[in-house]
Every structure is written in structure tokens, then in C-alpha cells.
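Asks: Take a look at the letters that make up each chain.
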Amino acid sequence: MDAKNRIAKRVAKELKDGNVINLGIGLPTLVANHVPDGINVVLQAEHGILGAGPAAEPGREDPDYINAGGFPITVRPGASFFDSATSFALIRGGHVDVTILGALQVDAEGNLANWMVPGKRVPGMGGAMDLVVGAKKVIVAMEHTAKGSPRIVKKCTYPLTAVNVVDMIVTEMGVIHVTDKGLVLTEIAPGLTADEVQAATEADLIISEDLKVMDIGN
Amino acid sequence: MDAKNRIAKRVAKELKDGNVINLGIGLPTLVANHVPDGINVVLQAEHGILGAGPAAEPGREDPDYINAGGFPITVRPGASFFDSATSFALIRGGHVDVTILGALQVDAEGNLANWMVPGKRVPGMGGAMDLVVGAKKVIVAMEHTAKGSPRIVKKCTYPLTAVNVVDMIVTEMGVIHVTDKGLVLTEIAPGLTADEVQAATEADLIISEDLKVMDIGN
Amino acid sequence: MSKVTTATEAVKAVRDGDTLLVGGFLTAGSPETLLEKLLTESTARGLTVVSNDTGTEHTNMIKIMKQGRVVKVHGSYIGANPVTGQMLIDDPDSVVLYPQGTLAEKIRAGGAGIAAFYTPVGVGTVVEKGKEKRTFDGKEYLLETALRGNVAFIKATIADKAGNCFMRGSTKNFGAIMARAADYVVAEAEKIVEVGELDPELVTVPGIFVDAVVPSEVKAPLKTYV
Amino acid sequence: MSKVTTATEAVKAVRDGDTLLVGGFLTAGSPETLLEKLLTESTARGLTVVSNDTGTEHTNMIKIMKQGRVVKVHGSYIGANPVTGQMLIDDPDSVVLYPQGTLAEKIRAGGAGIAAFYTPVGVGTVVEKGKEKRTFDGKEYLLETALRGNVAFIKATIADKAGNCFMRGSTKNFGAIMARAADYVVAEAEKIVEVGELDPELVTVPGIFVDAVVPSEVKAPLKTYV
Numbered sequence: 001m002d003a004k005n006r007i008a009k010r011v012a013k014e015l016k017d018g019n020v021i022n023l024g025i026g027l028p029t030l031v032a033n034h035v036p037d038g039i040n041v042v043l044q045a046e047h048g049i050l051g052a053g054p055a056a057e058p059g060r061e062d063p064d065y066i067n068a069g070g071f072p073i074t075v076r077p078g079a080s081f082f083d084s085a086t087s088f089a090l091i092r093g094g095h096v097d098v099t100i101l102g103a104l105q106v107d108a109e110g111n112l113a114n115w116m117v118p119g120k121r122v123p124g125m126g127g128a129m130d131l132v133v134g135a136k137k138v139i140v141a142m143e144h145t146a147k148g149s150p151r152i153v154k155k156c157t158y159p160l161t162a163v164n165v166v167d168m169i170v171t172e173m174g175v176i177h178v179t180d181k182g183l184v185l186t187e188i189a190p191g192l193t194a195d196e197v198q199a200a201t202e203a204d205l206i207i208s209e210d211l212k213v214m215d216i217g218n
Numbered sequence: 001m002d003a004k005n006r007i008a009k010r011v012a013k014e015l016k017d018g019n020v021i022n023l024g025i026g027l028p029t030l031v032a033n034h035v036p037d038g039i040n041v042v043l044q045a046e047h048g049i050l051g052a053g054p055a056a057e058p059g060r061e062d063p064d065y066i067n068a069g070g071f072p073i074t075v076r077p078g079a080s081f082f083d084s085a086t087s088f089a090l091i092r093g094g095h096v097d098v099t100i101l102g103a104l105q106v107d108a109e110g111n112l113a114n115w116m117v118p119g120k121r122v123p124g125m126g127g128a129m130d131l132v133v134g135a136k137k138v139i140v141a142m143e144h145t146a147k148g149s150p151r152i153v154k155k156c157t158y159p160l161t162a163v164n165v166v167d168m169i170v171t172e173m174g175v176i177h178v179t180d181k182g183l184v185l186t187e188i189a190p191g192l193t194a195d196e197v198q199a200a201t202e203a204d205l206i207i208s209e210d211l212k213v214m215d216i217g218n
Numbered sequence: 001m002s003k004v005t006t007a008t009e010a011v012k013a014v015r016d017g018d019t020l021l022v023g024g025f026l027t028a029g030s031p032e033t034l035l036e037k038l039l040t041e042s043t044a045r046g047l048t049v050v051s052n053d054t055g056t057e058h059t060n061m062i063k064i065m066k067q068g069r070v071v072k073v074h075g076s077y078i079g080a081n082p083v084t085g086q087m088l089i090d091d092p093d094s095v096v097l098y099p100q101g102t103l104a105e106k107i108r109a110g111g112a113g114i115a116a117f118y119t120p121v122g123v124g125t126v127v128e129k130g131k132e133k134r135t136f137d138g139k140e141y142l143l144e145t146a147l148r149g150n151v152a153f154i155k156a157t158i159a160d161k162a163g164n165c166f167m168r169g170s171t172k173n174f175g176a177i178m179a180r181a182a183d184y185v186v187a188e189a190e191k192i193v194e195v196g197e198l199d200p201e202l203v204t205v206p207g208i209f210v211d212a213v214v215p216s217e218v219k220a221p222l223k224t225y226v
Numbered sequence: 001m002s003k004v005t006t007a008t009e010a011v012k013a014v015r016d017g018d019t020l021l022v023g024g025f026l027t028a029g030s031p032e033t034l035l036e037k038l039l040t041e042s043t044a045r046g047l048t049v050v051s052n053d054t055g056t057e058h059t060n061m062i063k064i065m066k067q068g069r070v071v072k073v074h075g076s077y078i079g080a081n082p083v084t085g086q087m088l089i090d091d092p093d094s095v096v097l098y099p100q101g102t103l104a105e106k107i108r109a110g111g112a113g114i115a116a117f118y119t120p121v122g123v124g125t126v127v128e129k130g131k132e133k134r135t136f137d138g139k140e141y142l143l144e145t146a147l148r149g150n151v152a153f154i155k156a157t158i159a160d161k162a163g164n165c166f167m168r169g170s171t172k173n174f175g176a177i178m179a180r181a182a183d184y185v186v187a188e189a190e191k192i193v194e195v196g197e198l199d200p201e202l203v204t205v206p207g208i209f210v211d212a213v214v215p216s217e218v219k220a221p222l223k224t225y226v
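Protein chains in written order, with this note's numbering: chain P, 1 to 218; chain V, 1 to 218; chain S, 1 to 226; chain A, 1 to 226.
Just so you know, the hints here were simulated from the structure itself, not pulled from any lab data. Please note that a few of the clues may not be correct.
Unchecked claim - Derived lysine to aspartate or glutamate pairs resembling EDC-like cross-links, with alpha carbons at most 16 angstroms apart:
#1 V/147 x V/62
#2 P/154 x P/204
#3 P/120 x A/183
#4 P/212 x P/172
#5 A/219 x P/167
#6 S/219 x V/64
#7 P/136 x P/97
#8 P/13 x P/37
#9 V/120 x S/197
#10 P/155 x P/202
#11 A/219 x P/62
#12 A/219 x P/61
#13 S/219 x V/187
#14 P/120 x A/90
#15 P/154 x P/97
#16 S/191 x V/64
#17 V/13 x V/209
#18 P/137 x P/172
#19 A/161 x V/17
#20 V/181 x V/204
#21 S/161 x P/17
#22 P/136 x P/14
#23 A/72 x A/41
#24 A/191 x P/64
#25 V/120 x S/91
#26 A/129 x A/93
#27 S/63 x S/41
#28 P/136 x S/91
#29 S/219 x V/61
#30 V/212 x V/180
#31 S/12 x S/41
#32 V/181 x V/209
#33 V/136 x V/167
#34 V/136 x A/183
The shape of chain P in the complex, shown without the other chains (with noise of 0.2 angstroms):
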């Protein structure tokens, strides 16, 4: 398994049954694929879709049913389907249990920046800024860095997403939680030391006393 699956597959197992999840653009669609057996995950989709399901075979592609990177996908049994405004209605009001999502920084104050780099073509924030004030949990998978470059970081500087928002962080290094006395590294990947999670980390981290090896177990 890659990298980015082991991450995937890591967060997975934070997911709980009946939770309505939302999963950001490139790696945190990869969860869906690893929800352990007996959980069953609504996943919703921020331009209206509760229920969203695998992409559509190819040939069977649908156009009024799409993601929100605009692929073509299938719906679940028990789906619904709404406008926008009902759509952030329901993610602004805490109906949203967990979102996954990259990060471009996180830093110990569990502040998040994931929409624009200074200096680069601005994409804007689409519902990013929606879903991390919204939900219940959110859950950064990412990369542990950017080529080598420390993506954990003691202070934001890129333009944030929001404030105080991020609970966990999920890279291919550990597992690392936002608490009020900093980030607490709670699990290692295997043959790794802290020393080296926290030579990649800007940001220091408080090494958990109960520290566990990475779980992607089955």
C-alpha cells in the first residue's frame, strides 16, 4: 500500500456508524475506499448530494450527478439531493460529523491554511472554510511535508482557512491530535522514532506517553 492509501486507510478507522462524513479534492477521497466492514458512512457532497457513491462506470457517466470536483458519480440507496443554500445550511449547522481534508499548513493551534499559496494563481476557498467551522471533527490527511518542506508548522503564515479548527492529523508519519497544550503525536508509523516525525515537523510536538504504532491493521 502507497503512502497516501496507508494515510487513507488510517483515517478511515476514525469513522463511526451513521457518521456523515465530507471528503476534500485528491488524497481524503482515497478514505472512501478503506471504511472498515459494518460502518456505513454518508458521504455528502457540498453542491447538494447526501449519499454519494463510487464514480460511474465508464459509459454510464451521468451528468446531473457529479462530485464536487465535477467527476461523475453514482448515488447510495437512501440518497437525497438539495440546493446550495440548504447544502451549507446543513454543514454550518453541525450536521457534517467528520471532514477530511488536505492541508497546505496546520499549525499547533490546530489553525488550518489550505487555499492559497501568496504569490500563486488564487483558486479561492470554495466550501473549505464552510466545512471546517461546520463540522464536528475535522481530520487533516496530508502528506507529513511538501518535498522535505515542513507542512506542520508552529504558526500558519500562508492565508488561513480558519481558526482553531483542525482535531487530528493523519500523515504517512503518525497520527498527530490538536490539544490545548499543543500537538500530542499519539501514533507512529512503523520504524520510525519521534526524533525523525519530529525532525519533519516544524512545530514541536509533545510525544504521547502511550505512544502506539501507526494502526492500518485490518
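Fit chains V, S and A to the given chain P structure using the hints.
Replies: This is chains V, S and A only, laid out in the frame that chain P set:
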């Protein structure tokens, strides 16, 4: 034709093809029976119907189709249903062309009092405040006096439904427009004099230079 | 994971001191089965009830109120329930009346994460008492804040076992928005179907908002009340 | 009274300097027929466009923008339209970006007679610049005002001749709310039926909001854009 139906028939002449209208309880509901040929209006019911139709035939009542008075009704082709937040968004957002309702008092500034009588049991304002603030045109349809006591007053003394919202008053005695200069009597019932209308009216009436006989012809 | 249970079980969610949102407009969409069990099987008291009208003389809410279990009402038109009318006379603070659209929008805001909004309705009337007034583009508006409940009772025409609800005709009214604005939501349904049997385009209330589904067995009598 | 007309006729409603609301989320629900006629048959310029994304490289809005006819954009995600991206670089004030839910709620407010509302989204970010910040129950919110347009272009799956629209699946998105927030609304529909043929329970946009209905003849290419 009795007084109430003469009032309703005159009000109905104000309606234009395609108008969205809301009819209050009581006398205003009679307006639906007098809509001129060739004029199609869309009846809105504030609890979530567009395209309300006549009362259901006895024995064919459908408990899921009621009007705002709890009465079983039918719907017309092209109807639609929605929740109360959507319905009042429609009302407040200015999408009702004409709202027709009764009054306890109307005054020279177009203030309306129609929801409570001090000292009597308070039924609540229901949707009346929303309707008169939101509708493009507000027509008060009522009998000119309450057992001889004027309803068209210099200044409302009952608790207001809304301030400066009434456009037009239609009674069995005549038609009065609310203008910046005050109340203008523009039409008068056959056989009455302007003095007689004034005598039944507490507020000062400006008699239109173009005073016409009240039009309840075909 | 079926959400289907009994009304007797479901009404246990209502605790002393709770705010209970009750869907329905007069008889349409009124959750009479749940209210009947709240009347007979529950002792929860000190309740705040949010309801457009608190029902009529012939529906169940008035019976619960006669038991003295409702201490506060937020509503709009209470003319069909004389007990609510009497509460207002006895203690003006015990019944808070709103323009119907303001009540609906407050509940929608409660479910939508909107703290407050500015509406033009009520300006210059008793409704503005104690509220902030503010001018936008030359027009005056009142600030109204969001309203939420601990529990909501709603009525569906059809529900699937995952809680997706279809509310037919004019029964959507307040139930459809209250379902989004309470911590625990119980839907009674005239018909309960398997997941997948309800057309996704006909879902009035998505199942994620609904915690329990019970069979609807009691109907409100069809009368004219205003 | 049929509202059916041609797209060529309908786009005449757009005048110089107008604010145009354009439904759609990427390709889903994008009114491509109307945009094509706006491109080829209209000379309206100085336009302000309100759109979630201003479409993609392969849809029609970008072509209208290349004609220099759009002077301002209100949107949320513009990553699939490089012309909008360039506008933002050339003149930061020409493109106003909002959190997607804030944009949707501003448009809903515009159609609902709500002057402004308080949302928690955007607090502590660039979005709060110039906006009132206020605390309710210990949490900070931003004041956002309503947004309306002169004309809205929306897309329906089925419309009847009175303008009642059914928008299927994920095509409802912004079109369903924009229809309520513009002075003149044009719906293009894949299928146009007689009044009475559309199930009242399937109406996404009631016909009273729609001024003109035209046949939808141009489809957005189905691609992935993000």
C-alpha cells in the same frame, strides 16, 4: 350581491394576469370567486402552497392539502409545495404581488392594525405581519365600519401589524387609496355621497377630482 | 441500521426542562402519535414548546398543556388553542409570539449555523420590543436570533428506515425545518419503507437529521380552526 | 400564458452594467444555452457576474469573459476558469471571493428579504476584512449582507410552460436559489412540458420566480475540473 361579495368583486378587479396573491381569512377569501375571466392568478398559502385551488368536495377531503385556515382544499395544475421557511422567504422577499386582508383599523398613513384587540384574547399575528411587509401591494378588504364605529381612523390605536404598508382600502362604501398626501376617495358606491362616506370615516378623506362610481360591473 | 422504534420508546428522549420543537400547521403535519405518547407515557415537565400554533382544541398538545407540563411557548398563531391563550393572559412572558415567517426563519437559522439575521417584519410593532433595530439601504430591520430545541417531533407521509422523510403537500411546513434544529429528532410516518425505496428527489428531510422513526397511528381530526 | 420563448429573445433581458446570476456548479446545472446566446447574440457589457465558479475552460462563461464584457465577479471557487484567475491578479477588487456557503446564503437572503446575517465562517481569515464581527454566545460571527441580481440564468431538467422547474440530482445547487434573487429569471430546460404534467412535489423552483423558459440545446462537456 351582498356587501361582502361586492367588496370582493371590486378587489378582484385589481388583479392582473399572472399575479401571485395571498388571501386572508374571512371576507378576502371571497375574492377568489370573483377573479375576472382571462385573468389567471396564483394563490399562495403561507404555510407552503403555490397554486391553491377551490375547497375539496365533501367526502374527497385530503388531510395533507389544507389552506391557512385548516380547511381542506384542492390545488390547481402547476401547483407546488414547500416548507414554512421557504414560504416566508417567498413572502418576505417580495414575490407576492398582492395580499388582501381584513383590518381592525387602518389609518391615514397606511398603518394597519389587524391582529389584536387590547383586552381581548390574543390569537397571535400568524403570517399577517410578514405578508403586509413583503407583498408588493397591500389591499385591505373590509366592511367600512364595525357596527357603525369607524375602522378607517386618523391614527391606529390598536397594536399595529405594520407601519405604512396599506396601498388601498376597499369597502362597501367605496375605494380609498393611501397616498403621501393622505387618504384619497377614488370610487364611491352607487347612491352614496362623499359626505356620507366621510361621516363613516374618522380619518379625513381627500375626494378625488375624478371620483367615480365604484366599479363592480362585469 | 434501522432507526425504527416505538413511539413509547422515542418519547423518552424528552426530559424535564427540555425545549421541544413540534412540527405542523394546525392539523397538517402535526405529530399526533408522538404527542399522544408524550401525554400518556412520559412525565417530562417544565417544557418549552416551539410550535406555530400549539395545535387546536381537538389535538393532543392542548391535553399535555392541561397537565401543566408546558411552562413556555414560542409560537405565532395560537387562536385555536385556548389553553395557550390563557397562559398568555396569566403570564405574558410565558408565551412569546413571533410573525410566522420570523419564527420559521429563526428555526431555520438554528439548524443552519446562522446566529442571527435582520428581517424587516415587525418594525414599528410590539415585535420590535427589546430587539436591535438597524437600517440597511434606508430600510429598517430587526435583529432576530436563532432558535433550537433539544428534541423535535415531526410527521412524515413516508419515511425509510434510515430516516429519510417525504412530507406530502402542505404538511412540510414547520416539521421540515425543525428536523434540522434539534439535538434529537423523532419522525412519525404514515408509511415506513426500506432504504432505497424513497425517490431521492422526494426527500423532504434527509435521514441524517432523524434519530428515530415510529409508525404514525393517530391522526388529527380534519376541521377548520380559524 | 406560456413563458416559453427563444434563448436569443431571452438574453435581451441582460443590459449593460447588469448583475447577472448564473446557476451551476462546474458543469452541473450550468445554463450553457443561455450563455452561448449571451456570447453570440448580445452585446451587453460592463457585467457583474455572480457564479460559484464562473464555469470551466470548456464552458461558455470564459468566452464571454474573454470578450472583456465582465468587469466584476462574485464567486467562490474559480480554479477551473483561468480568465477569472487572471482578473483577480490584474485587479484584486474585480473578483470577490466568498466561502461557498456564505455565497449561497447571501443569495438566499437576497431572495428572502433578509438584509444580512451572522455566519461563523471566515472569522480569522481574509474573508473578515471590512466586515463587522460580533459575538453571540461566546462565538464570533461575521455580518454578511444579501446579494441580488438584475437577471438570473438557470438550468432545469424539466420545466413546464408556467416556469415550474425540476432540477435533477446535483444540478440544483445555485440555480435553485438564484431564481429567487433576481428581477428577471430565465430558465433553460432539457424538456418542456404542459402545465400540470410536473408533479407538484418535484418542483425545485416554483414558476412564479421564472419569467422565461427556453429549450436547452447546449450541454457542458462532462469533465473533471478540480
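Asks: Run every hint past the structure and note whether it holds.
Replies: Hint-by-hint comparison with the structure:
Proximity of residue 147 of chain V to residue 62 of chain V is assessed by CA-CA distance (about 38 angstroms); at most 16 angstroms being required, the pair is judged violated. Simply put, residue 154 of chain P and residue 204 of chain P have alpha-carbon atoms about 7 angstroms apart, close enough for the 16 angstroms limit, and the pair holds. Proximity of residue 120 of chain P to residue 183 of chain A is assessed by CA-CA distance (about 37 angstroms); at most 16 angstroms being required, the pair is judged violated. For the given pair, residue 212 of chain P sits about 14 angstroms from residue 172 of chain P by alpha-carbon distance, which is consistent with the 16 angstroms threshold.
The straight-line distance between the Cα atoms of residue 219 of chain A and residue 167 of chain P is roughly 42 angstroms, outside the 16 angstroms bound, and the hint therefore fails. About 11 angstroms separates the Cα atoms of residue 219 of chain S and residue 64 of chain V, which keeps this hinted pair within 16 angstroms; it holds. The hinted pair formed by residue 136 of chain P and residue 97 of chain P meets the criterion: a straight-line CA distance of about 5 angstroms does not exceed 16 angstroms. A distance of roughly 10 angstroms separates the Cα atoms of residue 13 of chain P and residue 37 of chain P; the hinted pair therefore holds under the 16 angstroms criterion.
Under the criterion of a C-alpha separation no larger than 16 angstroms, the hint pairing residue 120 of chain V with residue 197 of chain S is inconsistent with the structure, at around 51 angstroms. Between the alpha carbons of residue 155 of chain P and residue 202 of chain P the distance comes to roughly 9 angstroms, so the proposed pair stays at or under 16 angstroms and holds. As the CA atoms of residue 219 of chain A and residue 62 of chain P are separated by approximately 12 angstroms, the hinted pair is consistent with the 16 angstroms bound. A distance of roughly 14 angstroms separates the Cα atoms of residue 219 of chain A and residue 61 of chain P; the hinted pair therefore holds under the 16 angstroms criterion.
For the hint pairing residue 219 of chain S with residue 187 of chain V, the CA-to-CA distance comes to about 49 angstroms; that exceeds 16 angstroms, so the pair is violated. At roughly 13 angstroms between alpha-carbon atoms, residue 120 of chain P and residue 90 of chain A fall within 16 angstroms of each other, so this suggested pair holds. Between residue 154 of chain P and residue 97 of chain P, the direct Cα distance comes to roughly 27 angstroms. Violation of the 16 angstroms bound is thereby established for this hinted pair. With a CA separation close to 14 angstroms, the supplied pair residue 191 of chain S and residue 64 of chain V stays within the 16 angstroms bound.
Restraint check for residue 13 of chain V and residue 209 of chain V: not satisfied, since their Cα atoms lie roughly 21 angstroms apart, outside the 16 angstroms limit. With a C-alpha separation of about 20 angstroms, the suggested pairing of residue 137 of chain P with residue 172 of chain P is violated against the 16 angstroms cut-off. Restraint check for residue 161 of chain A and residue 17 of chain V: satisfied, since their Cα atoms lie roughly 15 angstroms apart, inside the 16 angstroms limit. Taking the CA atoms of residue 181 of chain V and residue 204 of chain V, the gap is about 11 angstroms. The hint holds against a cut of 16 angstroms.
Proposed proximity of residue 161 of chain S and residue 17 of chain P is supported: the alpha carbons are some 15 angstroms apart, at most 16 angstroms. Annotation: proposed proximity of residue 136 of chain P to residue 14 of chain P holds, straight-line Cα distance about 13 angstroms (limit 16 angstroms). Only pairs whose Cα atoms come within 16 angstroms are accepted, and residue 72 of chain A paired with residue 41 of chain A is rejected, the gap being roughly 21 angstroms. Annotation: proposed proximity of residue 191 of chain A to residue 64 of chain P holds, straight-line Cα distance about 14 angstroms (limit 16 angstroms).
Note on residue 120 of chain V and residue 91 of chain S: the hinted pairing holds, with a Cα-Cα distance of about 15 angstroms set against a maximum of 16 angstroms. As the CA atoms of residue 129 of chain A and residue 93 of chain A are separated by approximately 13 angstroms, the hinted pair is consistent with the 16 angstroms bound. As the CA atoms of residue 63 of chain S and residue 41 of chain S are separated by approximately 13 angstroms, the hinted pair is consistent with the 16 angstroms bound. Proposed proximity of residue 136 of chain P and residue 91 of chain S is contradicted: the alpha carbons are some 39 angstroms apart, above 16 angstroms.
Distance check on the hinted pair: residue 219 of chain S and residue 61 of chain V sit about 14 angstroms apart at the alpha-carbon level, within 16 angstroms; holds. Among the hinted pairs, residue 212 of chain V with residue 180 of chain V is inconsistent with the structure: their alpha-carbon atoms are about 21 angstroms apart, more than 16 angstroms. Our distance criterion of 16 angstroms between C-alpha atoms is met by residue 12 of chain S and residue 41 of chain S, whose separation comes to about 8 angstroms. Taking the CA atoms of residue 181 of chain V and residue 209 of chain V, the gap is near 14 angstroms; set against the 16 angstroms cutoff, the hint holds.
For the hint linking residue 136 of chain V to residue 167 of chain V, the alpha-carbon distance of about 9 angstroms falls within 16 angstroms, and the restraint holds. Pair hint residue 136 of chain V plus residue 183 of chain A holds up; C-alpha atoms about 13 angstroms apart against a cutoff of 16 angstroms.
The structure is inconsistent with the numbered hints 1, 3, 5, 9, 13, 15, 17, 18, 23, 28, 30, although it conforms to all the rest.
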